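Q: Chains as they are written, first to last, in the working numbering: chain V, 1275 to 1709; chain G, 34 to 433.
These aren't lab readings, by the way, just hints derived from the structure by calculation. It should be emphasised that the depicted structure is a prediction, and the values quoted were computed from it without experimental measurement. Some hints here could point you the wrong way.
Unchecked claim - Dumping the calculated SDA-like pairs for lysine to any residue here, alpha-carbon to alpha-carbon at most 25 Å: (1) G:414 x G:193; (2) G:132 x G:173; (3) V:1369 x V:1400; (4) G:132 x V:1355; (5) G:173 x V:1318; (6) V:1377 x G:87; (7) V:1687 x G:54; (8) V:1377 x V:1551; (9) V:1687 x G:414; (10) G:402 x G:173; (11) G:355 x G:401; (12) G:414 x V:1287; (13) G:173 x V:1507; (14) G:52 x V:1663; (15) G:179 x G:245; (16) V:1485 x V:1583; (17) G:52 x V:1551; (18) V:1687 x V:1406; (19) G:173 x G:125; (20) V:1296 x G:142; (21) V:1296 x G:50; (22) G:414 x V:1298; (23) V:1296 x G:56; (24) V:1376 x G:137; (25) V:1377 x G:56; (26) V:1376 x G:179; (27) V:1688 x G:332; (28) V:1688 x G:91; (29) V:1296 x G:140; (30) G:414 x G:383; (31) V:1376 x G:76; (32) G:173 x V:1401; (33) V:1296 x V:1677; (34) G:402 x G:332; (35) G:52 x V:1400; (36) G:52 x V:1401; (37) G:414 x V:1336; (38) G:52 x V:1381; (39) V:1687 x G:56; (40) G:414 x V:1300.
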Amino acid sequence: MDRKQCCVKLSVQPSRGLMDEKFIVLVQNALPGSQLTIRALHQCEDGHSWEAFGHYTADTTGTIDVSEDPSIRGTYSGVEQMGLLWSLRPIPGSKPGLRMRKKNIQTPMEVTISVYQGHQTEGFADLVPLSGVVVERWYMAPGVRRIPVTEGGLTATLFLPSGPGPFPGLLDLWGGGGQLVEYRAALLASHGFASMAIDYLTSKFTMETGKMVDNQYFETAYRVLQQHPQVCGSKIAMIGLSFGTSMTLKMAIYSEVIKLSAAVCISGSHVQPVEGSVEEIMGFFQKNAGKTRFNEKNEAIWRDLLLPIPTDPSLKADVGRLQCPLLLVVGEDDQNWPAQESALDIKEMMARAGNSHLLTVLSYPNAGHLIEPPYTPHARSSTFKTVEIQEKVMCLWGGQTVEHSRAQEDAWKKILFFLRENLYGDRNPTLFSHL
Amino acid sequence: MAVPPILSVTPSRALVDEKFQVLVENLPPGCPVTLRSLHRSEDEDDWEAYGHYVSDHRGVVSVSEDLSFGGMYTGKEPMGLLWSMRPVPGSRKGLRLRKINVCTPMLVNISVHSGHEGFRDRTPLASALAERWYMAPGVKRIDINKQGVQGTLFIPPGPGPFPALLDMWGGGAGLLEYRSALLASRGYVSFSLDYLRSEHLSADVEFKYFETAFNIIRNHPQVIPDRVGILGSSLGSMVAFNLTAYSTIIKVSPRCIVCISSNHYHPPGTTLKAGFKILSKYVLFVGRINCPMLLVNGCDDQNWPTVETAEEVARLLREGGKEHLLSRLAYPGAGHLIEPPFSPHFRATKFIILNSKEKVILLWGGHTKPHSDAQEDSWRKILSFLQLHLYHSPSVKANL
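The following block holds chain V by itself, in its conformation from the complex:
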C-alpha cells in the first residue's frame, strides 16, 4: 500500500517521563495491514544525532502498539516496548566511539518519535513522516532540588527529593574517567534518596594542587550528608561503578567514620592494595598496564590488569569484615574489569568469614561494563580518557546490546528495591510498578 496515508495518529504516553519510566508508543488510524516504520531521533548535547527504528505492520484496526506488537526488523526486533530508546545509535556517518551521557540534568532529553510510510532503513532526513511527536525524558522529577556542594573542599552535587524529609542518604561514585557525573544521583533523588554525586578524581582540589584526594575526602562527604537537616543520618548507603566500586568497598570496610546501611558495587572489583590511598590504588592498576590487550579493532581490553585474582590478602579489600548488605552487579561480558571473577572471589571470602548472608550478586550474561540506568543506548566501546592516561583510547566495554539493555533494566529495578529495603526499612514493599 503505497499511497500516502492521511491523518495517521501517533501518541506516546507519557509524553514527559522520567528516564527510567516506560512509555507506550501507539499508532492509530493507519491503513489496516500497511507497513510502517517507527523511528526515534535524538540530538545529544555534543550535537551528535542518534536514531533507532523498528518495522511494523498495522493490524486490522489500523493500529500499532509498540508495547504489544513485534518489530520485524530495525535497530531492534520483537516486542520491545522501550526499543526506540535503548537501541539508539549514532546516525550513519557519525564519529566512531561515541557514548551518550547527559551533563545538564536540569533539562530533559528530547526525543522526536515519528512514523513513516513503508519499511525504511536509511535516508530518513529526506523523507517526510506521516506523523511525529516530541517526548521528554527527565532525570529530575518535579520538586527535586539540585544543590552544589563545596563545603570541606568537596566537589559534589546534592540532590534532595521533594518534601520535608528526612530522607535516607546516598553517596554516588563513578569511575576512572573522573568528572562530576550527576545523572544517576538526580534519578535516585527522584526515587526518594538524598543523593550526593561526588567528583573524587578531578575535584577542584586535585585540579589546583595536582594531588589526588585522600580518604578523608570521602569521610567529609559522608559527614556533610549525615549532618544535613533533611537527611536521616543513620541511613546512608554508597553506590559505585567501576573504580567507584574500589572506593565504596574501601570506605565500607575500613573507614572508622563511614557507617553504611548498604553498598551497591557495579562492574568493579575488591582487588586493591589494602590501606592504599586513592593515588596508590590508581598506581597499582597502572603498574599492570602492560597486561592491556587489543582486539582486532584495536580496542583496549583492560580486564586482565587485575587478573589473576590475588591470593595475597593485602591486595584485596577484606570483604569478610563487611557489616552491611552488599549488592554486586556484574556483566559477564565485561571487558574492562574482571567483575565476574572478582564477584566469585568475594563470594568465597564472605562464605569463609561467615557474612555471606549480606551478599547478593546479580550476574548478567552478555552484559558489559557500563551498567547504567535503563533505556539509554549501550556502548560496546567508546573513546575514553582516564585521569592517569591523558590521551584518548578506544576502550572495549563489552556487552551485546539486547542483553545489556535487559540487564540495565533488571539491575536498576533490583538496585532500587535493595536501596528501598535497606534504607526505608520496607518489609513488604510495593514495587516500582510503573517502571
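Given the structure of chain V, go ahead and fit chain G onto it with the hints provided.
A: Frame of chain V; chain G shown alone:
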C-alpha cells in the same frame, strides 16, 4: 530520626486531562492519614483538596484503589485531589481557577499528613510535586493578528497537515488559550479566537470576522482544508451554531461542530449586535445544518437555559429530517461551566458584564461530584467525536 513514608505521584508530569496515581508507602499498618493537594494560582490564591484514608496491612494507601472517608470528596476517587479543589479557608470570594499562561505547567503539591481531624496543624509526613500541562512537548503557540482577526493558534508537533478547530469561549472570559493548547496536544491545529474583549474589538462583531477566522485556519499550510471543525462553549457555542446554520451564506462549512452549554435566546448583557440581529429568524435556518453536531449541556445549568435549547434544537432537526446529525450529552447535576476534566467546579463566581462593566456574582449551577464526572465523561466523548469526524478517512466514516 525515623524514616518517613514514601509518597509518589505517577506520572509526575502529565497533561491536564490525564489521570495520575497517588501512592503512599511505608506507613504503619492501619494508619489514619490525610492526602492533601495544594496549588497556588497565577492570581496568588491558594487552592486545596483533601481526603481521609486509612493504610492497609502493608502500610500502603493508594488513592486510585482505596476509599476516602471524608474531606472534600469521599469514595474511590483517583482524581478527587484535583477536581474537588476549593480556595483555602479565608480566601477571597467567588474565585475561579483558570490558567492564563499555558506554556508553563500547573504545579500541584500533594502531601500526606497523619490523622484526619486537624491535619493542617501538623507538618506533612511527605510530599511530592506534580506538574499538570496544557501543552504537550513540541506544541507550538503562535499569536495571530491577521486580516483584522486576533487570537492564538496552537499547532501540534509533527509534519502535518492536521485537522483543525476554531475554538470559542463565552462572554466575560477574555482570551482563554488552555483548551486550544490541550486540543493541539491531542493532534488538532486549534485557534482560540478573541472576539469579545480585545481593545480593538467591541460587542459589535460581524459575521465577517468569524468567516475570516475560519478561512485563516482553513488556508493554513499545516491544516487539511476540509477537516476544520468548530468548538464553542457558552456564547461561543451560540456563535458556532449560528455560523454553521448560516454556512451557505457566509461560506463557512465546518466538518463538525461541538456546542457546550449553548443557548439560542439572547442572554442579557452579552448581546452581539449587528449581524446577529437576524438570529430571531435562525429557526428557519436550522435546516441548513449539514454536518454532525455534538451538544453538551449540564441539566443544572443556572446561567442559561441550555437544557431547553438542546431539546429545541433536537426537535427542529427532527422536523427537518436531520436528526441523524445530532448527538446530545446531557448531564444531571452538572452546571454551565463544563471544562476539560479534573479542573475544579465553580457553582458561582465573580463576573463582569460586558456592556455595563458591572461586577456581579453569577450562579453557574451544578454540584461538584456530578459536575466533575460530567467534565471527565464529556471530554472523552468530545475527543472521540472529533477523532471520528476529523481524523478518520472518508471510507470508514460512519453515520452518527
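Q: Identify every previously stated hint that the structure contradicts and give their numbers, smallest first.
A: 4, 6, 8, 9, 10, 11, 13, 14, 16, 17, 18, 19, 25, 26, 27, 30, 31, 35, 36
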